[in-house]
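S.K.: In order, the protein sequence lines correspond to chains A and B. Heads up: the first sequence begins at 1 in full-length UniProt numbering, then just goes up one per residue. Heads up: the second sequence begins at 1 in full-length UniProt numbering, then just goes up one per residue.
Honestly, I wouldn't trust all of these hints.
Note: identical chains are not told apart, hence a pair may lie in one copy or across any two.
To be verified - As a list, the in silico DSS-like pairs of lysine-lysine whose alpha-carbon atoms are at most 25 Å apart:
#	residue 1	residue 2
1	Lys319	Lys389
2	Lys145	Lys351
3	Lys52	Lys268
4	Lys145	Lys4
5	Lys4	Lys236
Don't read these hints as lab results, they were simulated from the structure.
Here are the chains, one letter per residue:
2 protein chains.
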Amino acid sequence: MASKEMFELGSKSSAIRDLFDYGQKQAAIVGKENVFDFSIGNPTVPAPPCVKEAIEDLLNTRASVEIHGYTSAPGDISVRNGLADFMNTTYNAGVRAENFYMTCGAAASLTMSLKALVESPEDEIILIAPFFSEYTVFIQNTGAKRVVLPPDTTHFQIDFAALEHTITPHTRAIIINSPNNPSGTVYTADTYTRLAALLTQKSKEYGHPVYIISDEPYREIIYDDMPILYVPKFYKDTVICYSYSKSLSLPGDRIGYILVPDEVEGAKEIYAAICGAGRSMGFVCAPNLFQKVVLACLGKTSDVAVYDANRQLLYNGLKDMGYECVYPSGAFYLFVKSPEPDAKVFSEKAKALNLLIVPADDFGCPGYVRVSYCVDPDMITRSFTAFQKLIDQYK
Amino acid sequence: MASKEMFELGSKSSAIRDLFDYGQKQAAIVGKENVFDFSIGNPTVPAPPCVKEAIEDLLNTRASVEIHGYTSAPGDISVRNGLADFMNTTYNAGVRAENFYMTCGAAASLTMSLKALVESPEDEIILIAPFFSEYTVFIQNTGAKRVVLPPDTTHFQIDFAALEHTITPHTRAIIINSPNNPSGTVYTADTYTRLAALLTQKSKEYGHPVYIISDEPYREIIYDDMPILYVPKFYKDTVICYSYSKSLSLPGDRIGYILVPDEVEGAKEIYAAICGAGRSMGFVCAPNLFQKVVLACLGKTSDVAVYDANRQLLYNGLKDMGYECVYPSGAFYLFVKSPEPDAKVFSEKAKALNLLIVPADDFGCPGYVRVSYCVDPDMITRSFTAFQKLIDQYK
């Protein structure tokens with residue numbers, strides 16, 4: 001009656017969604033205050049005031065068709081002009097409005113970029129474990145092969161010795177994601193430099209570029225005064241996928257962009273193919289009102305200090321109890337080593353204590369769990385008793 | 001450097017977009033008031049007041065995460081409950097929240113439904129000419145075959161004698177679109193009854209259902225007190241694709257839904273496959289704020305009377321000049337027979353008079369042009385001199 005592939009994809013929901021749904025049901029039974037839901041990355045810090053102000057201003061000063069009508073498929077030109085100016089001022093990016101394609105968020109940015117880049121079912125897309133689990137689904141949509149680079153569990157940067165053997169003549173692109181979901185780590189300038197050197201060498205060797213797709217929804221959620229690095233400065237064949245879901249706490253409003261700088265080899269062809277991919281999947285245009293909202297909020301973010309406080313509370317709390325945690329430099333995830341080899345079993349034991357944490361098997365990193373700390377700080381404090389009980393089982 | 005298929009799709013823009021872009025450029029040269037742009041279906045009637053009121057109310061009374069956070073992939077349950085109640089009260093539909101999947105507009109509804117239904121590259125999807133040209137692109141995205149039923153140029157209903165021979169054992173679905181873009185015609189109850197009888201017979205003959213995908217963005221834009229007919233009442237294996245783009249003048253905000261009633265054969269499998277298709281293409285969820293806006297505006301529409309006045313002005317004006325026009329009963333398009341066999345040549349002659357009308361070749365109906373009348377009424381009146389000059393060339 002229906003496509004088997006789509007049916008399977010729609011039937012088996014993700015581990016994250018399952019836990020989240022369980023949490024909602026459990027809350028009804030034991031009380032919301034007794035469920036410690038660290039499962040999902042739904043920003044809890046409110047959107048910054050500029051969002052409400054911009055919407056109200058647009059509603060009061062613009063004609064209906066201006067804010068609710070179609071924009072061109074790549075997006076409102078005034079929005080893309082503003083975005084180019086912002087990127088040039090902030091990162092000295094040297095980009096123009098025509099390099100941007102406004103999208104319905106990061107997932108759309110990725111499916112469109114991948115569909116634009118993949119030429120044949122022999123093409124390979126490399127994921128660096130740990131990686132956001134939906135990448136697998138997005139690659140499947142293009143018909144290309146997913147190739148997983150095992151995690152560097154020492155520093156959660158990139159295992160270059162292994163990567164060298166993972167790139168083949170069929171490699172089209174490598175997806176990177178820094179700050180990283182789920183590990184919370186941030187790539188260093190050294191990592192980018194080494195990655196660029198290797199990809200440049202391999203591109204030369206195989207006679208065609210190996211592209212970077214840089215998925216950057218957590219770009220501005222970064223701590224300890226670490227610098228935000230502009231990836232195309234390290235490697236020119238970089239396509240950036242951005243979303244305002246996390247930086248402006250607008251995940252439900254579906255707004256982001258793809259940036260294809262002129263320096264990218266075949267930039268014009270790739271940009272046109274992105275237009276084709278958007279058309280083919282039925283995206284039409286990115287939400288008009290929210291295109292204009294993000295223009296009005298350029299350079300603004302939600303209050304990252306709240307996440308930073310959560311980070312320190314959770315990281316220090318768990319370290320003190322004896323958990324082995326990856327030091328989180330960005331995003332809002334703490335990556336914790338499971339005290340037993342099977343993180344799914346560990347996560348089930350946590351669940352019995354109403355502590356909802358996600359086993360990282362689907363992120364390509366068995367033996368770890370992801371603890372999402374975009375939550376109420378109170379809940380973190382209240383969860384410590386359960387976290388203590390959990391680790392006591394291993395003492 | 002890029003996918004050839006996507007590159008081609010992104011490079012050759014549609015005839016409509018080309019004309020629209022030409023109009024914008026021409027306006028800069030000869031003055032906006034001297035260009036008569038009937039090319040595009042961008043609603044000019046403002047969104048009804050409930051839209052602004054609902055947004056302001058949501059901004060002032062709801063927490064940020066409630067209106068800007070993720071909803072579940074199929075959509076906010078309170079929105080879908082409200083929608084089910086509305087459809088039950090209005091059409092006696094007998095549906096539940098679980099039958100609805102909120103989408104990013106009609107195009108997304110269609111790409112997701114098609115991807116969910118198509119099982120193999122041998123599958124065939126039937127389009128009834130004239131049809132919205134992007135259907136071709138959406139079918140291509142699934143890998144299925146497009147099969148075109150030639151137009152019934154007498155009544156612009158369905159040529160059933162021809163349709164009987166067009167349906168094969170490979171037919172998965174037939175897309176219908178009433179009120180129709182581009183012809184402006186509306187299917188009668190008799191047409192639905194005959195279509196249902198034929199599809200029921202063919203489904204029995206081939207041992208599997210031939211589904212209707214009913215694309216209904218113009219559902220409420222209907223004139224002369226014609227009734228709005230609920231297609232599943234005629235044929236149970238109907239999946240409805242809806243969008244608020246036209247009824248609430250919100251095309252840029254990308255909000256609509258798919259309805260899979262329980263009576264549809266394999267409803268559960270199809271619904272799950274729709275979830276899979278949305279996930280696969282990266283839709284994540286329909287825009288949260290606008291899900292809640294359409295809930296607040298259930299049963300409301302933009303002022304259709306404006307389109308009705310335009311319709312009468314344009315239809316009568318052109319008839320009086322000697323144009324052969326299809327009587328428009330819905331949507332906001334007038335379908336006009338080209339006075340010469342090649343409508344592209346006719347459309348070029350119109351363009352020389354700064355009159356922008358779309359040749360219907362890409363709609364599967366050569367020899368006709370589409371005149372979109374969701375425009376300023378003044379422009380219609382001012383355009384008459386040019387329309388008169390144009391037809392005088394054929395006298």
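S.K.: Give the relationship of Lys145 and Lys4 under a CA distance limit of 25 Å: within one copy only, between copies only, both, or neither.
M.R.: both (19 Å within a copy, 18 Å between copies)
S.K.: Indicate which option fits the pair Lys4, Lys236 if close means a Cα-Cα distance not exceeding 25 Å: within, between, both or neither.
M.R.: Close across copies (22 Å), not inside one copy (40 Å); limit 25 Å.
S.K.: Cα distance capped at 25 Å. Does Lys319 pair with Lys389 within a copy, between copies, both, or neither?
M.R.: Only inside one copy: Lys319 and Lys389 sit 14 Å apart there, 83 Å across copies, limit 25 Å.
S.K.: At most 25 Å between alpha carbons: which applies to Lys52 and Lys268, within, between, both or neither?
M.R.: Neither way: Lys52 and Lys268 sit 36 Å apart in one copy and 39 Å across, limit 25 Å.
S.K.: With 25 Å as the alpha-carbon cut-off, assign the pair Lys145 and Lys351 to within, between, both or neither.
M.R.: Close neither inside one copy (34 Å) nor across copies (48 Å); limit 25 Å.
The structure fails to meet hints 2, 3 from the earlier list, while all remaining hints are met.
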